[in-house]
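Chemist: Residue numbers (the numbering used here), protein chains in the order written: chain A, 1 to 112; chain B, 1 to 113.
A few of these clues could be false.
[Said to hold, decoys possible] As a list, the in silico SDA-like pairs of lysine to any residue whose alpha-carbon atoms are at most 25 Å apart:
id: 1; chain 1: A; residue 1: 68; chain 2: B; residue 2: 100
id: 2; chain 1: B; residue 1: 30; chain 2: B; residue 2: 100
id: 3; chain 1: B; residue 1: 101; chain 2: A; residue 2: 15
id: 4; chain 1: B; residue 1: 101; chain 2: A; residue 2: 50
id: 5; chain 1: A; residue 1: 68; chain 2: B; residue 2: 77
id: 6; chain 1: B; residue 1: 30; chain 2: B; residue 2: 69
[Unchecked claim] Computed Cβ-Cβ distance ranges for the label pairs, DEER-style:
id: 7; chain 1: B; residue 1: 11; chain 2: A; residue 2: 5; range: 28 to 34 Å
id: 8; chain 1: B; residue 1: 60; chain 2: A; residue 2: 15; range: 38 to 44 Å
id: 9; chain 1: B; residue 1: 28; chain 2: A; residue 2: 58; range: 24 to 30 Å
id: 10; chain 1: A; residue 1: 40; chain 2: B; residue 2: 17; range: 25 to 31 Å
id: 11; chain 1: B; residue 1: 8; chain 2: A; residue 2: 58; range: 22 to 28 Å
id: 12; chain 1: A; residue 1: 58; chain 2: B; residue 2: 27; range: 24 to 30 Å
id: 13; chain 1: A; residue 1: 52; chain 2: B; residue 2: 15; range: 41 to 47 Å
id: 14; chain 1: A; residue 1: 18; chain 2: B; residue 2: 15; range: 44 to 50 Å
id: 15; chain 1: B; residue 1: 2; chain 2: A; residue 2: 58; range: 27 to 33 Å
id: 16; chain 1: A; residue 1: 10; chain 2: B; residue 2: 20; range: 33 to 39 Å
id: 17; chain 1: B; residue 1: 62; chain 2: A; residue 2: 45; range: 28 to 34 Å
id: 18; chain 1: A; residue 1: 109; chain 2: B; residue 2: 111; range: 33 to 39 Å
None of these hints come from the bench; they were simulated from the model. These figures come from a predicted structure and were not determined experimentally. C-beta: ideal position from N, C-alpha, C; glycine also.
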Amino acid sequence: KQEVTQIPAALSVPEGENLVLNCSFTDSAIYNLQWFRQDPGKGLTSLLLIQSSQREQTSGRLNASLDKSSGRSTLYIAASQPGDSATYLCGEGRGGADGLTFGKGTHLIIQP
Amino acid sequence: DAGVTQSPTHLIKTRGQHVTLRCSPISGHKSVSWYQQVLGQGPQFIFQYYEKEERGRGNFPDRFSARQFPNYSSELNVNALLLGDSALYLCASSLAGQWEKLFFGSGTQLSVL
């Protein structure tokens, strides 16, 4: 059974700090991995999608890496801002008709 | 262009009732997926539809069913509601499947009393 674990479950840091969110998965047959943010009571907003053949993806202040051999992905947020406060979820995809398997998320608070 | 739209936004039902949730994907997207998110948990995959055919099903009972229409919109139906069905139901669309970037709607918050 696929399992996705996100550490830490919650994180609170002052504005301006760089931070790393972690996602680990058990299925070595990963097809891709997606990072999302979710604001309270809202849907998910896609941040980055990394295919299994890629090592990392970047978008603005966000950088996500993927290491299939160790079963890990990290999301790096540079120069954090209060607007970055949200829950960050990673979803592992195995391709085909299987849906994404999500972790429980990291609840991030950026203090002004 | 409009994003993924879901209706209704909130719904209150009682045990044993039936519910229908609706989703309109982004224009041009042919794949729709449904996820259930219980408070404090990550979303769980329920169904994927592509070109009006079911392409995948998660580990949910037969009380859950769905369909996709010729205009690619979709409905999720849940029969014989249980208290445990209370959750945020999310619809996601993509061009062709789960292996692509998913665009989520804001969800339908279902409360079963």
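Chemist: Each hint: holds or not?
Modeler: These are the hints, each one checked on the structure:
{"no.": "1", "hint": "68/A / 100/B", "in the structure": "holds, 18 Å"}
{"no.": "2", "hint": "30/B / 100/B", "in the structure": "holds, 12 Å"}
{"no.": "3", "hint": "101/B / 15/A", "in the structure": "violated, 29 Å"}
{"no.": "4", "hint": "101/B / 50/A", "in the structure": "holds, 10 Å"}
{"no.": "5", "hint": "68/A / 77/B", "in the structure": "violated, 37 Å"}
{"no.": "6", "hint": "30/B / 69/B", "in the structure": "holds, 10 Å"}
{"no.": "7", "hint": "11/B / 5/A: 28 to 34 Å", "in the structure": "holds, 32 Å"}
{"no.": "8", "hint": "60/B / 15/A: 38 to 44 Å", "in the structure": "holds, 41 Å"}
{"no.": "9", "hint": "28/B / 58/A: 24 to 30 Å", "in the structure": "holds, 26 Å"}
{"no.": "10", "hint": "40/A / 17/B: 25 to 31 Å", "in the structure": "holds, 27 Å"}
{"no.": "11", "hint": "8/B / 58/A: 22 to 28 Å", "in the structure": "violated, 38 Å"}
{"no.": "12", "hint": "58/A / 27/B: 24 to 30 Å", "in the structure": "holds, 28 Å"}
{"no.": "13", "hint": "52/A / 15/B: 41 to 47 Å", "in the structure": "holds, 43 Å"}
{"no.": "14", "hint": "18/A / 15/B: 44 to 50 Å", "in the structure": "holds, 48 Å"}
{"no.": "15", "hint": "2/B / 58/A: 27 to 33 Å", "in the structure": "holds, 28 Å"}
{"no.": "16", "hint": "10/A / 20/B: 33 to 39 Å", "in the structure": "holds, 36 Å"}
{"no.": "17", "hint": "62/B / 45/A: 28 to 34 Å", "in the structure": "holds, 32 Å"}
{"no.": "18", "hint": "109/A / 111/B: 33 to 39 Å", "in the structure": "violated, 27 Å"}
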